[in-house]
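Chemist: The residues making up each chain are set out below.
There are 8 protein chains.
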Amino acid sequence: MDKDLLETWLNAIAAGELTPAEALEKLADLPYQDLGFAKVDFHRKLRTGNAEVIYCPGKKPEQVAAIFQALAGQTRNVMATRANLRIYRKVKAVLSDACYFDQARIIALIRDQSRTAGKIGVISAGTADQRIAEEAAITAEILGSAVCRIYDVGVAGIHRLFSQKAVIDSCRVLIVVAGMEGALASVVGGLVDKPIIAVPTSVGYGANFKGLAPLLSMLNACASGITVVNIDNGFGAGVAAHRINLLGE
Amino acid sequence: MDKDLLETWLNAIAAGELTPAEALEKLADLPYQDLGFAKVDFHRKLRTGNAEVIYCPGKKPEQVAAIFQALAGQTRNVMATRANLRIYRKVKAVLSDACYFDQARIIALIRDQSRTAGKIGVISAGTADQRIAEEAAITAEILGSAVCRIYDVGVAGIHRLFSQKAVIDSCRVLIVVAGMEGALASVVGGLVDKPIIAVPTSVGYGANFKGLAPLLSMLNACASGITVVNIDNGFGAGVAAHRINLLGE
Amino acid sequence: MDKDLLETWLNAIAAGELTPAEALEKLADLPYQDLGFAKVDFHRKLRTGNAEVIYCPGKKPEQVAAIFQALAGQTRNVMATRANLRIYRKVKAVLSDACYFDQARIIALIRDQSRTAGKIGVISAGTADQRIAEEAAITAEILGSAVCRIYDVGVAGIHRLFSQKAVIDSCRVLIVVAGMEGALASVVGGLVDKPIIAVPTSVGYGANFKGLAPLLSMLNACASGITVVNIDNGFGAGVAAHRINLLGE
Amino acid sequence: MDKDLLETWLNAIAAGELTPAEALEKLADLPYQDLGFAKVDFHRKLRTGNAEVIYCPGKKPEQVAAIFQALAGQTRNVMATRANLRIYRKVKAVLSDACYFDQARIIALIRDQSRTAGKIGVISAGTADQRIAEEAAITAEILGSAVCRIYDVGVAGIHRLFSQKAVIDSCRVLIVVAGMEGALASVVGGLVDKPIIAVPTSVGYGANFKGLAPLLSMLNACASGITVVNIDNGFGAGVAAHRINLLGE
Amino acid sequence: MDKDLLETWLNAIAAGELTPAEALEKLADLPYQDLGFAKVDFHRKLRTGNAEVIYCPGKKPEQVAAIFQALAGQTRNVMATRANLRIYRKVKAVLSDACYFDQARIIALIRDQSRTAGKIGVISAGTADQRIAEEAAITAEILGSAVCRIYDVGVAGIHRLFSQKAVIDSCRVLIVVAGMEGALASVVGGLVDKPIIAVPTSVGYGANFKGLAPLLSMLNACASGITVVNIDNGFGAGVAAHRINLLGE
Amino acid sequence: MDKDLLETWLNAIAAGELTPAEALEKLADLPYQDLGFAKVDFHRKLRTGNAEVIYCPGKKPEQVAAIFQALAGQTRNVMATRANLRIYRKVKAVLSDACYFDQARIIALIRDQSRTAGKIGVISAGTADQRIAEEAAITAEILGSAVCRIYDVGVAGIHRLFSQKAVIDSCRVLIVVAGMEGALASVVGGLVDKPIIAVPTSVGYGANFKGLAPLLSMLNACASGITVVNIDNGFGAGVAAHRINLLGE
Amino acid sequence: MDKDLLETWLNAIAAGELTPAEALEKLADLPYQDLGFAKVDFHRKLRTGNAEVIYCPGKKPEQVAAIFQALAGQTRNVMATRANLRIYRKVKAVLSDACYFDQARIIALIRDQSRTAGKIGVISAGTADQRIAEEAAITAEILGSAVCRIYDVGVAGIHRLFSQKAVIDSCRVLIVVAGMEGALASVVGGLVDKPIIAVPTSVGYGANFKGLAPLLSMLNACASGITVVNIDNGFGAGVAAHRINLLGE
Amino acid sequence: MDKDLLETWLNAIAAGELTPAEALEKLADLPYQDLGFAKVDFHRKLRTGNAEVIYCPGKKPEQVAAIFQALAGQTRNVMATRANLRIYRKVKAVLSDACYFDQARIIALIRDQSRTAGKIGVISAGTADQRIAEEAAITAEILGSAVCRIYDVGVAGIHRLFSQKAVIDSCRVLIVVAGMEGALASVVGGLVDKPIIAVPTSVGYGANFKGLAPLLSMLNACASGITVVNIDNGFGAGVAAHRINLLGE
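Protein chains in written order, with the working numbering: chain F, 1 to 249; chain Z, 1001 to 1249; chain V, 2001 to 2249; chain B, 3001 to 3249; chain H, 4001 to 4249; chain S, 5001 to 5249; chain E, 6001 to 6249; chain W, 7001 to 7249.
Be careful, since some hints might not be right.
Claimed, not checked - Cβ pair distances, simulated, as ranges:
{"hint": "1", "chain 1": "Z", "residue 1": "D1097", "chain 2": "B", "residue 2": "Q3113", "range": "25 to 35 Å"}
{"hint": "2", "chain 1": "E", "residue 1": "D6169", "chain 2": "F", "residue 2": "D169", "range": "48 to 58 Å"}
{"hint": "3", "chain 1": "B", "residue 1": "Q3103", "chain 2": "V", "residue 2": "G2016", "range": "49 to 59 Å"}
Stated by the list, open to error - Straight-line distance between alpha carbons at most 16 Å, and here's what the computed EDC-like set of lysine to aspartate or glutamate pairs gives:
{"hint": "4", "chain 1": "Z", "residue 1": "K1119", "chain 2": "Z", "residue 2": "E1249"}
{"hint": "5", "chain 1": "H", "residue 1": "K4060", "chain 2": "B", "residue 2": "D3102"}
{"hint": "6", "chain 1": "W", "residue 1": "K7060", "chain 2": "H", "residue 2": "D4102"}
{"hint": "7", "chain 1": "F", "residue 1": "K59", "chain 2": "V", "residue 2": "D2152"}
None of these hints come from the bench; they were simulated from the model. We put the beta carbon where it would ideally sit given N, CA and C, even for glycine.
With these hints in hand, go ahead and build the complete structure from the sequences.
Modeler: The structure is reproduced here in structure tokens:
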């Protein structure tokens, strides 16, 4: 139930077109959550900047395309995560403006290309971590944040990271993406005083246990100010960083 | 090596009191990190707002007292985490202004009581989670953030949480502290579009595995925008929230 | 060994047709379990309402078809769980009345379509959890329970759940199906005073560990009255809910 | 927000005493959850039969005593779980009618001693599992269910279990409490067609991993119709069984 | 119900002292498991050689003493495992012949001291594993097996093990007790062709995880013919070895 | 180093043909393990009865065939475990007498078909556990033990197990194969006083964790006398049971 | 920033061509890491002997080929690990001298074939462990170490290992590669006083948990002097052994 | 059997005092391992430099004192690890020269104070890790290595580590001791080309899981050349580093 409808009813009572009893009945009939629904939806839009999001796994290509098309009618930017080429082709067939970010596995319709003044720095360790870093970066960009990519600066060649210190310092919030042992988050945390979101990736083998090693590593980082998202959850990091970034606008 | 010393040397060269060769040797001898040291230290102060922090476990009461006293000479606010009464008494003996936050297990010397305009909301589930919530809240306050406590609003009585919706909406960033199954983070994440830092606590038994259950639960929260810190890490959540809060000042 | 036979023997002793020693030997020889066997079989039919069940994994399509056909001669309703289309075709070839529930992966022969007066509410979180929800729902229906489906009411959009409060209240027992962090069980547990069976699903990734996260979450649910079945065990939840539902008839 | 207040406002609009705009503002200001609050509270009492419950761990004896006294003013039966003698003495001091169930670790005030016609059967394996069995039994009794205790019938001496078959059959719902390998739940599940709630206990050592072994065992029970609660969660099993038992009254 | 009683009844029927109907009633009244009980008990005695066993944890000293005394009236040898001195004193007070094996933590009443011809070899790695080795050895001896102890022959000094080859070869079945990495079981398995029961102990630290390391090691032993019992389960190993040893008598 | 050679040398010293110093050097140079080598090989044949064994995983079909052929020249029975049809065809090409046990995944050349008088009972729970049961049974048979198969007697239909009590009692040693929750081992352990080797299988899903549930269950079995092998290790159980069985011949 | 540039500036100050203030600014502007960069690069070459290394997983064949070609212009030996034939063909197309080590899964360009005087002994347990042993051996050889392979000397046939004692004694450092239970590392550690690097492999099944069993086993080895690398990390062991081996040159 | 005895016998044969047959018998009677024993013992002394080691846990103070005294008669340096003051007092009572290293928990008798020319660098992260670092350092020193301590250089203040670069470069082999997330090992591995032994400590809380986090982190370190020992195993790291250090002497 939206505010306009409520206003219409209240005006109708004031105008004598609706008796209080009738209005009460109408209000009682309405599931009270409807009001909440509208609110949440409104919040929802704010929350993800200016985009609606579809999570692809477990949905058929046609389903994704249909939801994508529906959302495209309601909001300016739409994105689908964990998508593949097959899904993209279905979406493309109904929305020719949709584009596909291969590494990030994101299908997007980007009508609003405005960006924040403050930047989110996305730092990644190895080449293999890059697809998750891109998921975070592209997500943040679609939501409206400016993003600065600082890739391939793993701890094994720590000088490469340090040579990017000035660039890192110019960002408002940082996303650190690393697999293997995930030490990069700790090192970045020891260098700067920014909010840092650490993303463990499933890159590694053996006692890495599909990302458990960097996950535990990042949760135990002795540098304070680091928070962590799920293994390979570039999307979640992008959303969280965007929300934080917005606070500085 | 600080900037003043470097300046002195450069002036000495200009004045002919030092040959370039001698200066080069001096500079080469200096561990180049000294410069980094100063820088990092400076950052460090910024990073933790205006406080220096001591982590008590593994240190003897006298050691904590000595470090506390030393830091009190260098900075305005000093805090010691995971402290107990025995340690407090040792600190109190050398710094009579120190106070002890019992639930938060924090010893603090708070000379700078200024607070941010924006508020950090600290939401906790059960009574037993409160000590970790307090660790987060007190940490953020000592660092200089205004804090709003919303306690005892667990999912089992979900109406209590909803009745605080307006208060929650008035905060800039949220810390959600919960043990048991940690569902509170997901529910709060479904209600608001703020940056949310989830703190799993070790409250629970059996298949809770000392906080593993809420940790996994929070890392898998389907509501986006949630980031997570280590089990019982109220301090880390307080620092991270403070940094995010500062962005909005 | 049935009572009649025992009576016959005792009479034979009384009649002097059987010596006590011979009777003793006969009694010792009888596998006493035979009595149990009959009983259990009888119980078995009661237990699963009016259906016999085949678990497909590890059985060849022809084997399933043969068992299915055999059971169809003994009982009114027969079902095979975790079935695929290939198995269905084999069953269909010998029992043309068999039907296949695609999402639930259940092959069924339903001759008795009577339903209970009381309803089982099957609540599911995300789209991907639906196939397990359907396994629970179809199972309960084949056993004879009326089922009410309340799907796609995840915690991230909590208003959608609340708008179904009246429907949920009209059910006698609830099955809550959720993957990711499984918080839905806790939230439903906080809203109603029904018996609740929580089904964690393997939907998720990373630190979800194939359903471990929602399993632990549900086992630790702070709302009381919740019991849990194995990850993805929609069938087990359907059977348990049906048994509980029968108590109210 | 209650209905009367809403009616007053609508009448005031109709009477011209309140403009629609003012009313809209008032309505927006009202925390809509207030209505929910009352509802949930009402539900809450229903949910736990006729008792309010306090969970002791993490609360000081005085706190428990104070809450206990407060609840005793609102409801007929009150209970505190995981309590010890020290807490009991504090409660006893303010409520001389309170009694303490030593094995079950429950403090209770039982003014309403009515019991259901149907019985909950509480079956336990070893002597060491008995305290959790008692927690379940006492909980169910305080809530108002009749309880039938069938103790010390572990699988190692399986004949003892079978000799209680008739007693087990006379119950409406069963709680099976077992540590070690937890096989008792499977065996009971193979014998009867009742709803069964399995409670793994932390009794055992080594590869038992504090109850993990029976927990996994019970979740994987091949006998269908079994649902599981957290390790050592006798209370939760008691509540769930009572709710199920009520359906048959 | 024992065989004698049954015989008495059957004779009474034959003698006309009992009508078949009366007998049937008597038999029906008897829990049929009683027969089973007797049987199992009889088996039980055989099974554990000639001893009854009490598991102490979770029982009070007085309880143990009472059970011990009762069993002492029924069987020749009685033993209580995981006992401590306090329990022993209680038992000693009622049974002055009871003795206490300190390292093995076993209280025993040994009236039948006969031993098998074949020997069980108990091999242990380090000094700290000895208490579990003793639990196995004493158990086997009380049950009636001859035992040969080969202690302190860990893999780090592998020559000590090899120097005992002849002694090891003279045993019929082997128990290998080892903590740390548990490699001793594999090495013994590579040397002899006997049935080997491996007992992992909780001796170790860090990534030993309280016996998990040797448990996994022993389960994966590449030498075939090795079977494993629970961590620290010297008693279970003793019973199993005794049963195997009896086959060769 | 064999005894003859040693004797030769000692005689040479006595004959003055070899100085003590030279002999000492020779002795020191000899790898003392050579003696061990021969011994162990001899033991090896004894150990596996009368068969040599090849473990296929990680070996190419041609490699298996070549090793198989080589062993066929040295011993009467040869077997290859975890084999598939492709490997079998390669072996069959070089040894036309080789046969393939499909369910057991064993290729065998069986020239010696003699069997022990005593029987090994192989008991399995569900249909899906049968392939591991067959691996155990076929292994034991190739080694020379008589085997009695008792399949499909899971705990969910416990009467089927009990009806086989007499058959079970006629065996000398038992192998119990079960997946899901593995309760069958405990129940068999509660019925008989034989040595029991429990084999957990990876049959199950969700919180079964690929056999972890029955593995833990069996290790914690409260019935004593049970020992356990690795998940799905039918071969190991067969070897161990055969060795135990031999003791009774 | 290199030393020459710094010298130029200091001279310019002395010459009055640069004011101290300007110099200070220049120094502050320079990323101090540049110096570190050069150093680390130099170290890097030393570190891996005389080879550059590419880790293939997560890189496309063309990417590997391009990096390979680039490195071939800078250093004498280049290697790519975890490579397959497809990648090799791409590399071969641009560098015809490249060769492929099939078992080790390494592509290499070896222009410098010099070897150390001291040898690294690579000991492996089973046939299936050999590919990881080869990864270690080939890595060490490309880096410039002489390697001595001692394969197929598992603990189940311990005499084979002992017969190689002299060869093992002739090595300077040992790499022990073993899957299953990994006991080989302990046994070798009990025989020699060399630095030993243990490599657990993922060879095994069931409770091996993909290498967890030998990993824990090796970490808990009671023989001292053993250090461990990640599961299947032959490369890491090769590098570490080479570094240790160089110390003895 | 020592070499002297063997020589005596061979001489006796040569002298005709012993017939070859008698000698053969004597030799055959001797456990052949005795030779091995001597050898291993000899190796053992080499292996641990010039010290014998006693592991205290599981031994009584008197036992440690007795073993200590015995070893003091055979070798120059003796050490007991994981010792406490109570044990020390017992040792001190019999060996007044024994000293106690409080932090390292080592009792030592150091008669040979010679040190290697090359140094072992022991680097530790936090204050709480220092006791394990000391265990490693003291162990290496007692064995005869020169040790250089570089403490309190955690990743959170990374400049402190870098300022010690020259000192680190002067060492031959490095031991890196760190708890929390263990990132220090990776960072040191990125800076130098030395053999590095990483020691995870149990310092941390929550998702640290008593050292599991740094253990996994170190095993997955992306910088190559790092090997790992068990959690808190300072002693093992000291022994391994000493052996490596000796290669460079």
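Chemist: Against the structure shown, which of the earlier numbered hints fail to hold, in ascending order?
Modeler: 1
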